[in-house]
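*Asks:* So you can see what is in the structure, the chains are spelled out below.
2 protein chains.
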Amino acid sequence: MKSIDKFYSAVNNGKHICVGLDTDIEKIPEQLKHSDDPIFLFNKEIIDATHKDAGAYKLNFAFYEANGIEGLKSLKKTIEYIDEDIFIIADAKRGDIGSTSAMYAKSVYDYFKCDSVTLHPYMGYDSVQPFLEYKDKLNFILALTSNKSANDFETLPLASNEWLYQKVIKKVNDWNGQFSNCGIVFGATQINQLQENISLIKDLPILLPGVGAQGGSLEEVIKLFNQNQLTSYLINASRSIIYASNGKDFAEKASEELIRLNAEIANLSSTKY
Amino acid sequence: MKSIDKFYSAVNNGKHICVGLDTDIEKIPEQLKHSDDPIFLFNKEIIDATHKDAGAYKLNFAFYEANGIEGLKSLKKTIEYIDEDIFIIADAKRGDIGSTSAMYAKSVYDYFKCDSVTLHPYMGYDSVQPFLEYKDKLNFILALTSNKSANDFETLPLASNEWLYQKVIKKVNDWNGQFSNCGIVFGATQINQLQENISLIKDLPILLPGVGAQGGSLEEVIKLFNQNQLTSYLINASRSIIYASNGKDFAEKASEELIRLNAEIANLSSTKY
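Residue numbers (numbering that gives the first Met the number 0), protein chains in the order written: chain R, 0 to 272; chain V, 0 to 272.
Honestly, I wouldn't trust all of these hints.
Copies of the same chain are indistinguishable here, so a pair counts whether it falls within one copy or spans any two.
[Unchecked claim] Dumping the calculated DSSO-like pairs for lysine-lysine here, alpha-carbon to alpha-carbon at most 30 Å:
(1) Lys32 - Lys166
(2) Lys112 - Lys32
(3) Lys147 - Lys43
(4) Lys147 - Lys105
(5) Lys51 - Lys166
Keep in mind that the hints were calculated from the coordinates and are not lab data.
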């Protein structure tokens, strides 16, 4: 299946939760820590327990890079272990001048064989373009993020009477005209801005971090999307799923939490507002 | 020597050229390609030939990541091979929410043991803060870059009557107040903007890409810095040094080009304008 088709297959089947594998050696259950590759073993058990219900897996590259070459081996093994029809996001937040971005794209798409990536917009089109050349992939560009300091720059008002992040979304819409392989990252904590810009983001796949630990409300997001017949979205949940328990039942509890979230979304989606 | 002291030791001794190790397997001399680790071997010979004259080495992480785990092994070996008193920049252009940026900082500073990193400003202070906690390091934040699409966002006029990149520089000045371990990336191709903002960037170390292949003029940059008694800068040169020759004499030619650039800077610096 083409990478981008995996995305649409998931969201069209009501699978909107992206399981974030932000796997931290400090946080995994004790009994795994004595194996050869505890990070991979943890991921493997989480994947075994959740793959039927996950809309996607998101690999937070930082957590693997922190362990150096061993960490990247765990990352590679994890990606190879995931069923080939499940959408995989490289949450790597890359972005550089064209010739360098081409190398990052080669790493993420040719070497790690992910289906999707997250990208910084700051350096503009030519920093994103080498990723867009992979026409079957899906490239999520940061628009408005879920962190507090998003206000430092992302929400600055421009002389053109719009916010910086709105300008980014408009540009992403332009870039998307070429191969329809762009999306945006929009923090679920930013519900008012999400509502205000819904017509601007309507035609773009959306990746939403920030539900749960960071304070975003699943109910408000789903309600808004339903009211606007918007279905091309993935909501990321990392800690709330993978660390649902830190005992021997961690994989089972992860699965239960994912199923609970799917049911909540299904329920909210069938509600008439 | 503390990381940041390596930077000041270099620039105070007139070593302003940062040798960019953007090593591409496609571009290195044929005779190296049959060794176990051609990338490391190439870097080793370049370092042997240039270490006495280099102000810093800049490792462009993308070029190593493109080769996957083998590439990262070459990267690690290269960093370990560089003399411990020479300043090493991880040109990795990272940036994410705080807890994730902390993992990237761990990778770049604890695992790879670099002295410095390049960072994206888009997500604001909390995306940079975990790097700043490494008080002896030097964190270069992207201000105005050398690529054409810098105009997509970086030079947008804000409602506050300044450009976005100017706002970034102002914020970096604020952040720098804490531990004096921030700098900026400013493209050498943007000479007019460099001149216009010289008083704003005066107290910040500057990393300048874009001289040479990208079209920035060394003479204009040095002239401007001299007129303003500004000495805390590194000018990056990658391809013009490391690919000065693609024959057996590549390391010798790299050294010659570096010495030529150092002499040109010394000459320009002693000129009265």
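*Asks:* Each hint needs a verdict: does it hold in this structure or not?
*Replies:* For each hint, the structure was consulted:
1. Lys32 - Lys166: neither (46 Å within a copy, 46 Å between copies)
2. Lys112 - Lys32: both (27 Å within a copy, 25 Å between copies)
3. Lys147 - Lys43: neither (33 Å within a copy, 43 Å between copies)
4. Lys147 - Lys105: Answer is between; shortest inter-copy Cα gap is 22 Å, intra-copy 32 Å.
5. Lys51 - Lys166: Answer is neither; intra-copy 38 Å and inter-copy 47 Å both fail.
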